[in-house]
Every structure is written in C-alpha cells, then in structure tokens.
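Chains D, Z and Y supply the protein sequences, listed in that same order. Under numbering that gives the first Met the number 0, the first residue of the first sequence is numbered 0, with each subsequent residue one higher. Under numbering that gives the first Met the number 0, the first residue of the second sequence is numbered 0, with each subsequent residue one higher. Under numbering that gives the first Met the number 0, the first residue of the third sequence is numbered 0, with each subsequent residue one higher.
Bear in mind the hints are in silico, worked out from the structure with no lab data behind them. Keep in mind that the hints are not guaranteed to be accurate.
As the list claims (entries may be wrong) - Simulated crosslink set (BS3-like; lysine-lysine; CA at most 27 angstroms straight-line):
id	chain 1	residue 1	chain 2	residue 2
1	Z	K274	Z	K108
2	D	K138	Y	K77
3	Z	K106	Z	K274
4	D	K216	D	K118
5	Y	K21	Z	K310
6	Z	K106	D	K138
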Amino acid sequence: MTEKEALFEYLLRRADDSLILGHRLSEWCGHGPILEEDIALTNLALDLIGQATEWYQYAAQVEDKGRDEDDLAFMRIEREYKNVLLVEQTNGDFGKTIVRQFLFDHFQNLLFERLMESKDEQIAAIAAKSIKEVRYHLKHSSEWVIRLGDGTEESHNRVQESLTDLSRFIDELFYQDEVDEQLIKAGIACDTSSFEKEYRNNIQAVIDEATLALPEKQWQLDGGRKGVHSEHLGYLLTELQYMQRTYPGMEW
Amino acid sequence: MKEQNIEELERQFQEKIDNEIKIEPKDWMPDAYRETLIRQISQHAHSEIVGQLPEGNWVTRAPNLRRKAVLLAKIQDEAGHGLYLYSAVETLGADREETIDDLHSGKAKYSSIFNYPSLTWADMGMIGWLVDGAAIMNQVPLCRCSYGPYARAMVRVCKEESFHQRQGYEIVAKLANGTPEQKEMAQESLNRWWWPALMMFGPSDADSKHTEQSMKWKIKRHTNDELRQMFVDVTVPQAEHIGLKVPDNDLKFNEETGHYDFGEINWDEFWQVVKGYGPCNKERVDARRKAKEEGMWIREAANAYAEKRAKRNKKAS
Amino acid sequence: MSKKEWPLWEVFIRSKQGLSHKHAGSLRAADAEMAINNARDVYTRRSEGVSIWVVESDKVTASDPSEAGPLFEPSNSKAYRHPTFYEVPEGVKHM
Numbered sequence: 000m001t002e003k004e005a006l007f008e009y010l011l012r013r014a015d016d017s018l019i020l021g022h023r024l025s026e027w028c029g030h031g032p033i034l035e036e037d038i039a040l041t042n043l044a045l046d047l048i049g050q051a052t053e054w055y056q057y058a059a060q061v062e063d064k065g066r067d068e069d070d071l072a073f074m075r076i077e078r079e080y081k082n083v084l085l086v087e088q089t090n091g092d093f094g095k096t097i098v099r100q101f102l103f104d105h106f107q108n109l110l111f112e113r114l115m116e117s118k119d120e121q122i123a124a125i126a127a128k129s130i131k132e133v134r135y136h137l138k139h140s141s142e143w144v145i146r147l148g149d150g151t152e153e154s155h156n157r158v159q160e161s162l163t164d165l166s167r168f169i170d171e172l173f174y175q176d177e178v179d180e181q182l183i184k185a186g187i188a189c190d191t192s193s194f195e196k197e198y199r200n201n202i203q204a205v206i207d208e209a210t211l212a213l214p215e216k217q218w219q220l221d222g223g224r225k226g227v228h229s230e231h232l233g234y235l236l237t238e239l240q241y242m243q244r245t246y247p248g249m250e251w
Numbered sequence: 000m001k002e003q004n005i006e007e008l009e010r011q012f013q014e015k016i017d018n019e020i021k022i023e024p025k026d027w028m029p030d031a032y033r034e035t036l037i038r039q040i041s042q043h044a045h046s047e048i049v050g051q052l053p054e055g056n057w058v059t060r061a062p063n064l065r066r067k068a069v070l071l072a073k074i075q076d077e078a079g080h081g082l083y084l085y086s087a088v089e090t091l092g093a094d095r096e097e098t099i100d101d102l103h104s105g106k107a108k109y110s111s112i113f114n115y116p117s118l119t120w121a122d123m124g125m126i127g128w129l130v131d132g133a134a135i136m137n138q139v140p141l142c143r144c145s146y147g148p149y150a151r152a153m154v155r156v157c158k159e160e161s162f163h164q165r166q167g168y169e170i171v172a173k174l175a176n177g178t179p180e181q182k183e184m185a186q187e188s189l190n191r192w193w194w195p196a197l198m199m200f201g202p203s204d205a206d207s208k209h210t211e212q213s214m215k216w217k218i219k220r221h222t223n224d225e226l227r228q229m230f231v232d233v234t235v236p237q238a239e240h241i242g243l244k245v246p247d248n249d250l251k252f253n254e255e256t257g258h259y260d261f262g263e264i265n266w267d268e269f270w271q272v273v274k275g276y277g278p279c280n281k282e283r284v285d286a287r288r289k290a291k292e293e294g295m296w297i298r299e300a301a302n303a304y305a306e307k308r309a310k311r312n313k314k315a316s
Numbered sequence: 000m001s002k003k004e005w006p007l008w009e010v011f012i013r014s015k016q017g018l019s020h021k022h023a024g025s026l027r028a029a030d031a032e033m034a035i036n037n038a039r040d041v042y043t044r045r046s047e048g049v050s051i052w053v054v055e056s057d058k059v060t061a062s063d064p065s066e067a068g069p070l071f072e073p074s075n076s077k078a079y080r081h082p083t084f085y086e087v088p089e090g091v092k093h094m
C-alpha cells in the first residue's frame, strides 16, 4: 500500500463516520421529542455533514481520479464505506441516539485533539476546525446521559439498556491496521491506543455520575473499517443514494 | 369592572392601535383581541412545526451534500420559527403544550398546504419557491402587526426566511435547465403545488369571517385576496423566466388593471383539506402526536433530574 | 413532578464584545445548562452572539403598564437634563 492509498483510506474512514452519523441524526429532523431538542439534533447533523464534506473533498483531491465529494459520499457500494459500526446503528429512542452520540463524541474529541498536530496540514486544519463543534457535541450528549441516567426509573432503565447494547461497539473505535500504522510512522495519523485509556476514563466519569454502569466485558464487534457492516447500513444507503442511483450523472 | 370602564379602555386601546402604538403583553386588551391573537399565532406556530414534515420526508434522500445541508438548515429554521411563535403565544397567557394538544386533537388548525404529500425531489424546490414565497407575502406585513411580541417574532422570521425561497427557486431552476427528465419533474411538481399554494391565502374576502375585525386591530394589514393577487403577480414571471408553465388556462395579464387574471380556485377541495380530509392530514398530526408522546419520558426525566440536583445543591450549601 | 412542563426562560444575547446583552426571546428548559444550550441552538444559529444570559421567566419582575404615567412621564418635563436645553454662545468650541 502506498502512502497515498493509505491516506485516501484514512480520510474515507473519517468522512464516513461523520456522514453516516450525520445521516442518522438527520432522520430525527421534524420528529425530535422536544422542539428545542429537535433543533439541537439538527445542529449536530449539520456539523457532521459539514465535516464529512471537508474530509471527502480532501480524499477526492488525494485520490486524484476525477471524483468529487459527492461521488465519494453517494456513489460507492456498501463494502466501500469504512465507518465504524457504532455510527450506523439505528436511532432507537432518544436515549439510544444520545448514548451512541456520547460514545462517539468522546472518541472524536480525543482523536481530533491529536490530529490537530498532524504533519498533514489539511488534516490538522480540518481537525482544528471540527474540534470546536465536537466539544459542544460532547457537552450536549454527556449532560443528557446524566439527566436520563439520573432522572426517573424509566429513563434510567431505558438508557442503561442502550448503553449495554451499544457498548459492544466501543473497542472498534480503536481499531487500527496497516493503514494507520503506515500513517502513524509518517506523523500523519495518531495512534488510537495512546488515548484509549483516557477515553475509557472520560466516559466512565460521566457514566458514574449518571448512576449507570458499563456491562462486564462483552464480546466486541468490528468490521466497519474493512467495509463489513451490520444489516442496517444497506437500508441507510438505499435512501442516501436514491437520487444518484435513479438519475445517474445528473446535477442537482 | 364597570361597563363604562371597559368602554373607556376599549376606546383607549383602539386609539393606540390607530396611532400605531404597539400593544405589549401586560397592557390591557379586549378579550377578543387576545383570543384572536392566540388563535392566529398558535396556528402560525403549528404551521411551522407541521411544515417540517413534508421537507423532512426528503432529508435522507437529498441528492448531494450541499442540498442535504441546506435542507436541514431550512427545516431547522422552521422549528426555530415555531419556537419564536410559541413564545409569543405564551406572552398572552396561553400555555405552549396546551396549544400543541389542541393541534393534536384537531381543534387547532395549521396551514393546509402541508397536508399535501412531497413526492419528488422537485417538491423540495416547489415548497421553498411557492410555499415559502406565499408565506413571505403573508409574513412581511405581520412585522408591523399591532401586537409587539408577534411583530418582533415576525421580524426575526422574515429575516431568516429570506434564504428559504431563494434556495427553493434555485432547486427548481436547476431542474428546469437540466435534462428533459428533470424538467418534467419540475413541471409535474408545479402542476401539483400551484393551486394549493394559492389556497394558502385562505378563503376569498367574501367568505373570510375574521378579516374585517383583524384589519381594524391591525393584526392583519391586507385582505386574503389582495395578498393572493400580489403572489400571482410576482410568481408568474418567475415561472416564465425558467420556462415552466403555470397550470391555469385562464391565467392572463390584464393590461387595464396591471395584474394577472387567474382561474377559479377549487374551494371544495380547500374546505375538505381544512376539515381534515386532505391527503396527509392524518399522517401529519399522527407524526407530531407521536413525537410528543415519545418525548414524555424525556421531559419527566429532565424534570426529575433538575429537582434532585436542586435538592442536593441546597443540602450542600 | 411528572406531567409538568419545563420552566420558561428568558434569553439575553450579547451580539458582540462591548455591547450589552439584549433580550432575544424565550424558550423552555429543565435546568440552566439546558437553557444555555437551547438558547445557543435556537437564538445564535447565525452567529448572533458571543455571550448568553438565561433567567427563569418567573424570576423577572416587571413594572405595571397602568403605572406607566407616574413612572415615566414626570421626566418628560425635565428638558434641562439634556444638553440641547442650554445655549452656548456662537464660536465656542469643544463643548
């Protein structure tokens, strides 16, 4: 694998995480449980889709095969999407959406903090711009985890169930392979194992305050970074790609 | 209060209105004025909220990243506008959740345009261009409405909505200048949305029971028919400019009046949709009711947490 | 507890450093943090602010409109509080 190929792959992983999670959040638009929260979830979706656009633009530039950000976002087949499984999980109730967001926000925060120091100037710039958004997402999702966890018995039980369910996807956030290794050596990517402990401490602090508990070590799922997804992604892509597939090559 | 007192208060109230002095929340106002405003502003707020749904229907299918972001931002604005308007309703002593319950029970109305389905991507353009275009016609005069909080909310809404109509027209223009399939998509969509858009201005003046009093109170500044005519006059040339045909064989520019003459609106359809028998009335209200019901446990949890924390803080101090 | 609504909050926004906070509108939130977050999402979507205050609406005390006369009109007749009340001989500068 050349460094260019590794970089392209690395950028797709960043872009797909943001796009797929942004898409999931956009499904709430107009259906949020509370008007103010409908607006808040849409803000998260907009931030994530904005980030995805920037990552795809850079990926397209690195690939240099005449594809643009929309080709990358809309015209690949399922196996070519490289997001983690966590972000494609269905919205469920508001509590599940919040827990999914919470687990991802804490990861993205620590990742981008390090990518701001990347030797690749564009990666550093995208990370620096995005981290302000991510810090707000993290505050928002963490506060809600605490409110719901330490709220009523019903909310506690619901959000605990979501946490138990989604914690199967935590390890995958730290998945690394030859793509990462090559770029870490070049000072472009960062080693996720360097902040895994910090991540676990950060989420544990919130989970404790929320009077919730992470389950005992569970069997962990992965595959997303290699394009092997859960059944949910296919349906998501069916909607996402509908227009581009039905009317190929047209401009909108 | 003595009867003369009320008469005197009403006289002073009307004098303020006639002198363009705004009425503010704690000022004395006739009950009927308050009730009219509560009805109108909450109806307006419900329209913003229900109006999210036909567009939300295409968020996950938007054709590219830019359109997806724009559509999300627009729908989000509508939620925000609903919120500004509910805030204005609350200044009149009405309770937001109670007015929302009236929407869910069918007691309160909202703009009937949102009871039509959004079937193609072109509908996203049509909603922005025609529906927001018609809404702006209604809303700009409301910035001068006699009730302060409503007028201020509308100033904000109008400022923010200025991009909504443009983005809609941009979508439609892109289609109209695109492939034959795209142009067909745009024309077909215009055919479906044109008449419902004209109905947005409400019944004709002869059948409008609230207009006269609302004009006197300066809650309303133009009649329904005046606004409808203004809309037709500005919109027809916009359609022609991109080569789309307005689906009205009676449409013709009248040199004498300087306005377009246009065909008869199907008022039967209008009243049926208002009464709840439109293509999507049930889906729209069901969707909103579901959102509220599914939000109950979250509201309760947040309240419970706030109470617990307040208690803990008290103990600590 | 339970079915009750979240309290109403009044939102004040400082549009830029050097200006005072100005009333922007209201919203509902269960607690102060949520009120700040919601105010940010609802009232600063177009970079309208650099600072937010939120106050629970029922903590605001307002003057009574029926007392507007005694409260505010007496100052109308005190034009001597304004600089234009005074004559300055022509040609005098920096005053």
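Of all the hints numbered above, which does this structure not satisfy? Sort the numbers upward.
2, 4, 5, 6
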